[in-house]
Every structure is written in structure tokens, then in C-alpha cells.
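Since the structure of chain A is already known, use the hints to place chain B on it.
Read top to bottom, the protein sequences are chains A and B.
Sequence positions in the first sequence follow this note's numbering and run 1 to 238.
Sequence positions in the second sequence follow this note's numbering and run 239 to 442.
Errors might be hidden in some of the hints.
[Unchecked claim] To spell it out: a stretch of chain A is covered by chain B in this simulated footprint if at least three of its residues, at any positions, have a beta carbon under 8 Å from a beta carbon of chain B; those stretches are:
1. 44-55
2. 63-73
3. 95-105
4. 214-227
Don't read these hints as lab results, they were simulated from the structure.
Glycine is no exception: its CB is placed at the ideal position from the N, C-alpha and C atoms.
Chain residues, written in single-letter form:
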Amino acid sequence: MKKPNVRPWISKLEIRCKIISILGASFLLITLEEPLVLSIALTGLLILARLMGLSWGFIGKKLRLPLPFLLFMAVPLIFGEGLPVSGDRLIFAYQLMAKGLGVFMLLLMLTYTQEEVQLVEGLRQLPIPKTLSAVLLLSFRYVNVWTGTLKKTYRSSVSRGFEKGWNPGTLKVYGEMIGGMILRSLDQSQRVHRTMISRGFSKDLPMRPPSPLGKREGLWVLSGIMVFALLKVLEMRL
Amino acid sequence: MHLADGVLSTEMAVATTVGAAGMLAYSLYQTKEEEIPKISLMSAVFFTFAMLSLPLGPSSVHPLLPALLGIILGRRAPIAVFIGLFIQAAVFQHGGITTLGINTLLVGFPALICWQVFVRGYQRAKSPYVLSGLLGGLGVTLTVVLLVAVLLATDIRYSQGIVSNIQLIILSHIPLIFVEGGITAFAVGFIHKSRKAVLEAVKG
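Here chain A stands alone, though its shape is the one from the complex (with noise of 0.2 Å):
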């Protein structure tokens, strides 16, 4: 999908702060229970979605994700009892759909507004354990080379007759196409291994020094954190 042009104020702004300030946010985010204090926290999510450039047409396509799951979890939760709808599991069903897109539009501001490699440099940049820092980078690196390989897999399995659906034939082909994906994966990484130790790895894959953090950017972490811890704030007093 093509990536939304963000205005430069938020893709310039230093990634592990954002980071930190939508994780932050989404822990307190899910901790809100009252409906109208829910409902301010995902219009002023969807205002800053659009002050950061986020366009109504991108929301609504990302929206296709997260949206089938919430509903497999709300709609039972609606008319589970059968109708008359009751009001309290109406709430608990809002409650449940709110939660799930408000953090759904914190992830969007955090994928979409710098490039990929950007945020997995910032998340390396965190104070992670070595050893899952270089896993993330390379496993990040291999994702597209692996889903390019099972499409092409899949494509030439298609023009040989293989129909999509599930019976033991169907499962036998699944089930060697991932063997033979994970014997090839295996050689991969003796081969990756034997590159990064004639580079000089042991354990940490070199990355740029991060910049300090200073004062502009401690108050961008405060700020995006502060403003839920307010609307919690906001719902004890209600």
C-alpha cells in the first residue's frame, strides 16, 4: 500500500520518542472504562491522525484489519443473551471496540509516519537485550525475502494444478512447502552466520549511535503521555 504523505513536523520527530510516548499511551489508553471519556480519547486519536496527515481514505483501508477481530469479539458480547440487548453488555462491547481502535490509530501514528527501517533502528536504540535486538533487525530483513519466496512457491504450486482449500492433499503441500521453507532457512542463516562473523559480529549488529535525547523531545514523551493520563484523571472525577 502506498504510504500516506505525513506532514514533516511528525516524521521528523525523534523516533524513540514516539515510541515510548505510544506505548505509554496505549497502556493508559486501555485502563479508561467510561464511555464519553473513551469517546474523546478516539476523536482527538482520529483529529491528531489527521493533523499528522493520516487521510480519512488510509484510516478506512487500515481499518480493515483490526476491525473483523474486535467485531468477532464484541458482536457475541451484544447479542449473546439474545434481545433485548442488554445496556450494560452494549458498554462493555463499546468499551472493547474503543480500547481496540484508539491503540489501532497509536500503532497507525507509529508505523506510518517515518519509514520502517527508521522505527526498527529506534526500537534497537531502546534499552533491549542485545541478543533480541539483532533478531529483530535480521528477522525484519528476511520477512520480505521469505514472503517473495512463498508467493513465488505458491504461484508456481497454482500453475501445476494446486487449488487453495484444505483437505490431506492441500495439507501435504502446505506442510512440505514449510518444511522445505524451513530447511532452506536453515542453510540461510549458516550461510548469514559465516558473513557476520568474517564482519566481526559477536552478538550486536553495529547500528549509529542514538542521539541524545534532549529537552524538546523529553517534553514530547511527557506530553503524549500526560494527555491520557488526564482523561484518566478526567474519569475518576466523573
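Below, chain B without anything else, positioned relative to chain A:
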């Protein structure tokens, strides 16, 4: 399935995040340098196949692959699960960020169980197809049991009603038990036929 943000209560989201961090610490302990590319590439494979949708009536199911990951990566499987799920959540908004902990536990814990069963059973098993097929089914079953337990602990309303969330989750995962059993059986069977040493190298 992956739990979306908003489904868990704050307490449960925090508790499962802490639990997943503990499991990750166990998996990361004494990781050797040469294991890193293998874990990374398997994370990418896990991610790729978890995005594969198999048609099921009007809907579709996604392979979870806990047994296969446990068999191939052993103790390191939860690392691959966590990274795969993290990339799915952060880059594709599939799954969730506050539910990353529970989603890691849902696949990582069954992977560890399947690994232990495989290590004890592989040399004695008459057919790797049967053993791995059963493990494939067991992996999904354990995931569903954990998922149901977490939902029950989160809010009783998930289990109430003529058609409850928990009933729907159990029903929608029954076909996946057989699908994963089949896929795991054929994948491990293929590896057993082509390169037995990979499976023999799995240590307890």
C-alpha cells in the same frame, strides 16, 4: 487467533506482559551467537506463515505453528514468536501492542511443551508423521485452553450468553487443530525424509 487491543483488562494485560517477559528471559538465557541467525530466520518464516490464510467457510484460519517452532527452535521458540508477533503488530497492525504479552504466551508456552514432548518421543516414535501431527494438534489445543482461561479471568461476560465469545473461539479453533496437525505432520515428515539430522539435533 491473536487477541486485539482492548480485549484484556489492564491488570490482565500487565500480568501477561510480565509473564511473557519472564518466558522471554528464560528463552534468551545463554543464547549462543551462532543461534541468532537461525532464530531470526525462523521468526521471519513464522511471521510469513502466520499471515497465510486458509479458507474456512465464509471466513479463514491462520496457522499458529507452536509445535513446529518448538520442534525446530526448542527453548528459543518464544523469541521467534515474540519477534514475529511484534513485527505483525507494529508494521501490519495485526494483533495488538498491549496484548503482545498474552499473544506471545499463547504461542510460546505451547511451543515449549511441544518441544519437550518431541525430544522425549522422537527417537522412540515409530512414525514422525504421527508424533508431529499429534503435537501440531496439541499445540493449538493448549493455545485455546490458555486463551479461554485468560478470557475467563478477564471478564465473566466472555463466557455468558446463548452464543458466547468463548464458545465461538472454541468452535472456530476445532478445524485449526486438524489443519495444524496435518501441516505439522507433513512439514516434520518432509524434514525427517530430507534431513533427519535437523530433528536429531533438537536437544532437551
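>> Tell me whether the statement that chain B covers the segment 95-105 of chain A is true, taking a Cβ distance below 8 Å and needing three residues at minimum.
In response: Our answer is that it holds, as 10 residues pass the Cβ test (under 8 Å) against chain B, meeting three.
>> Verify this for me: three or more residues of the segment 214-227 of chain A with a beta carbon less than 8 Å from a beta carbon of chain B.
In response: Since three or more residues must qualify, the claim that chain B covers the segment 214-227 of chain A is violated, with 0 doing so at under 8 Å.
> Do three or more residues from the segment 44-55 of chain A put their C-beta atoms closer than 8 Å to C-beta atoms of chain B?
Replying inline: violated (count 0)
>> Count the residues of the segment 63-73 of chain A whose Cβ falls closer than 8 Å to any Cβ of chain B, and tell me whether that reaches three.
In response: That given contact holds, which follows from 6 residues of the segment 63-73 of chain A lying within Cβ reach (below 8 Å) of chain B.
Checked against the numbered hints listed earlier, the structure breaks hints 1 and 4; every other hint is satisfied.
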